[in-house]
Amino acid sequence: MDEHDMLLSPAGVDALRTALTRAGFTSNGIAGRLGSQATGGVARNDYRAALRATEDRDALGTLIRVFICDQTESEATVAAALAPLSVAEAVAGGLVERHGDGLRAGVDLEPYGDDWWVLADVPASARPGRPLHSEHVLGIGGATQTLIGATVRRPVGTALDLGTGSGVQALHLATHAGSVTATDLSERALRFAATTAALNGQDWELLRGDMVAPVAGRRFDLVVSNPPFVVGPGTTTHVYRDSGRVGDAIGAELAAAAPGLLTEGGTMQYLANWVHVAGEEWDERVAGWFAGTGLDAWVIQREVADPMAYVNLWLTDVGESADPERMAAWLDWFDAHKVEAIGFGIVSLRRGGHDEPVVRVEDLRQRVQPPLGDQVGAWFDRQDFLRVRDTEALLAERYRAADGLQLRQEATMGDEGWAVDRQVLAMPDGLRWTEEVDPLVLALVGGADGRLPLRDQLALLAAAHEVEPDELAEAAGPIVAHLVERGFIAPVTG
Numbered sequence: 339m340d341e342h343d344m345l346l347s348p349a350g351v352d353a354l355r356t357a358l359t360r361a362g363f364t365s366n367g368i369a370g371r372l373g374s375q376a377t378g379g380v381a382r383n384d385y386r387a388a389l390r391a392t393e394d395r396d397a398l399g400t401l402i403r404v405f406i407c408d409q410t411e412s413e414a415t416v417a418a419a420l421a422p423l424s425v426a427e428a429v430a431g432g433l434v435e436r437h438g439d440g441l442r443a444g445v446d447l448e449p450y451g452d453d454w455w456v457l458a459d460v461p462a463s464a465r466p467g468r469p470l471h472s473e474h475v476l477g478i479g480g481a482t483q484t485l486i487g488a489t490v491r492r493p494v495g496t497a498l499d500l501g502t503g504s505g506v507q508a509l510h511l512a513t514h515a516g517s518v519t520a521t522d523l524s525e526r527a528l529r530f531a532a533t534t535a536a537l538n539g540q541d542w543e544l545l546r547g548d549m550v551a552p553v554a555g556r557r558f559d560l561v562v563s564n565p566p567f568v569v570g571p572g573t574t575t576h577v578y579r580d581s582g583r584v585g586d587a588i589g590a591e592l593a594a595a596a597p598g599l600l601t602e603g604g605t606m607q608y609l610a611n612w613v614h615v616a617g618e619e620w621d622e623r624v625a626g627w628f629a630g631t632g633l634d635a636w637v638i639q640r641e642v643a644d645p646m647a648y649v650n651l652w653l654t655d656v657g658e659s660a661d662p663e664r665m666a667a668w669l670d671w672f673d674a675h676k677v678e679a680i681g682f683g684i685v686s687l688r689r690g691g692h693d694e695p696v697v698r699v700e701d702l703r704q705r706v707q708p709p710l711g712d713q714v715g716a717w718f719d720r721q722d723f724l725r726v727r728d729t730e731a732l733l734a735e736r737y738r739a740a741d742g743l744q745l746r747q748e749a750t751m752g753d754e755g756w757a758v759d760r761q762v763l764a765m766p767d768g769l770r771w772t773e774e775v776d777p778l779v780l781a782l783v784g785g786a787d788g789r790l791p792l793r794d795q796l797a798l799l800a801a802a803h804e805v806e807p808d809e810l811a812e813a814a815g816p817i818v819a820h821l822v823e824r825g826f827i828a829p830v831t832g
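Quick note: the sequence shown uses my numbering, first residue 339, plus one each step.
These are computed hints drawn from the structure, not numbers from a lab.
Incorrect hints may appear among the rest.
Have a look at the derived ranges for each label pair, beta carbon to beta carbon [to be verified]:
#, residue 1, residue 2, range
1, ARG390, THR513, 33 to 39 Å
2, ASP396, ALA554, 48 to 54 Å
3, GLU622, TRP756, 38 to 44 Å
4, GLY582, THR359, 37 to 43 Å
5, ASN650, GLY755, 49 to 55 Å
6, HIS820, THR356, 55 to 61 Å
7, GLN747, ALA594, 45 to 51 Å
8, GLU823, SER365, 33 to 39 Å
9, ALA716, ASP661, 42 to 48 Å
10, GLU591, GLU622, 17 to 23 Å
11, GLY582, PRO422, 40 to 46 Å
In this text, a Cβ means the ideal position worked out from N, Cα and C, and glycines have one as well.
Based on the sequences and whatever the hints tell you, model everything.
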């Protein structure tokens with residue numbers, strides 16, 4: 339994009355980078371200046387200790403006061419902190435704005451990671467009473483962090499960020515992709531993204547248009563999207579959350595577009611909301627999004643909200659919580675469509691080129707070992723292992739139980755002592771699945787030490803439990819596949 343597509347001129351961006359670097363306005367620099375107590379206070383929007391630590395108003399202190407603590411400072415003080423960027427260009431570009439007899443932040447300029455900065459709009463909470471721009475550009479929120487953590491971070495040639503907003507997903511993609519393309523419907527968002535890219539010395543292809551339209555006919559190795567996924571009647575008031583599609587259609591639309599976007603072996607990951615409709619199984623409904631795509635799909639539901647909580651959340655998010663008519667209309671739409679709840683989660687798709695793709699839609703509410711992206715990549719790897727092995731091949735492998743695997747038992751005291759009622763395997767790491775098992779499966783997992791092929795291990799179990807080896811082997815096939823998919827046991831390689 340050319341210089342007219344940024345908040346500042348190219349020279350202005352260079353000057354701002356110089357000012358921020360010289361002052362040490364980075365995550366580490368701010369933490370070092372404020373100390374742990376004040377830094378913790380800032381995270382809770384308690385700026386008292388941070389303001390005391392920056393009373394001298396040197397360059398770093400002033401930048402902290404303006405862009406972290408949302409204070410108004412004198413023009414002379416701000417000018418000294420931003421130099422060599424002029425106040426005139428900073429005001430013209432919206433970086434700062436006049437307020438009272440001084441200047442305050444006009445944008446959210448957030449130090450991020452070790453040495454990045456992200457530019458976005460000031461959040462609604464910092465300007466109570468001021469309506470959000472219809473093309474409001476979000477900063478780094480919870481959903482953003484969820485997608486960052488869930489993305490598979492393996493080296494790729496080409497990457498695409500659909501609905502880039504401030505550009506934070508593209509920043510991360512650039513660390514492991516040869517080239518990055520980013521799209522957004524909002525010209526305003528693209529100006530922020532272009533400035534974020536330039537400020538961090540990165541070069542992305544930025545294209546304007548609705549979701550996949552700007553890249554029609556092109557394919558990418560990795561596609562990510564934090565789309566406007568909010569579920570409702572299709573009313574559009576803020577483009578960062580409202581897609582203009584009715585219900586949860588944006589999630590189905592992205593699923594349908596995925597086959598045409600991905601290279602062979604390519605991966606697409608996006609956040610989505612979906613409705614839980616009375617009388618329908620939510621997982622079957624969402625699984626229908628992927629019918630006929632030919633893609634492997636893993637959908638994990640991380641949260642579920644009731645309609646009232648959901649509407650309150652999103653009205654508060656844009657400062658409309660005091661609008662009873664808007665709330666009533668939204669809730670009426672949910673009632674009319676028998677929506678009992680709304681799920682939030684992550685969709686991961688892969689173009690594997692297989693005749694029978696694997697589709698899993700399931701709850702994953704427990705805490706998982708970060709980053710989730712590593713776990714997603716490992717899940718697809720396990721699908722590759724399982725896909726090319728029938729029962730005979732599975733039984734020919736040697737397996738080892740997951741490191742640190744735990745057994746949890748529930749028992750009842752009776753006349754003859756403790757009687758075990760329930761046995762549960764629990765993974766302390768990774769996806770932290772739990773699985774109730776019977777004694778035979780428990781023995782199988784307990785014996786998985788990597789030394790014997792599974793068929794030999796089953797022969798020993800068959801003899802110990804006085805069952806036919808072939809019958810046990812036949813029954814064990816799907817059980818073993820499930821244990822491998824979950825990660826309770828893993829094949830021994832080499």
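So, going through the hints one by one against the coordinates:
Checked against the hint of 33 to 39 Å, the C-beta distance between ARG390 and THR513 comes to roughly 36 Å, which is consistent with it. Between ASP396 and ALA554, the C-beta spacing of about 51 Å keeps the proposed range 48 to 54 Å intact. Evaluation of the 38 to 44 Å hint for GLU622 and TRP756 yields a pass: the beta carbon distance comes to about 40 Å. Between GLY582 and THR359 the beta carbons are some 41 Å apart, a value that agrees with the proposed interval 37 to 43 Å.
Distance hint check: the CB atoms of ASN650 and GLY755 are about 52 Å apart, consistent with the given range 49 to 55 Å. Checked against the hint of 55 to 61 Å, the C-beta distance between HIS820 and THR356 comes to roughly 57 Å, which is consistent with it. The hinted range of 45 to 51 Å is satisfied by GLN747 and ALA594, whose Cβ atoms lie roughly 46 Å apart. Range check, GLU823 to SER365: Cβ separation about 38 Å, and the 33 to 39 Å hint holds.
The hint said 42 to 48 Å for the Cβ distance between ALA716 and ASP661, and at roughly 45 Å that hint holds. At about 19 Å, the CB distance of GLU591 to GLU622 agrees with the hint of 17 to 23 Å. For GLY582 paired with PRO422, a C-beta distance near 43 Å keeps the hint of 40 to 46 Å intact.
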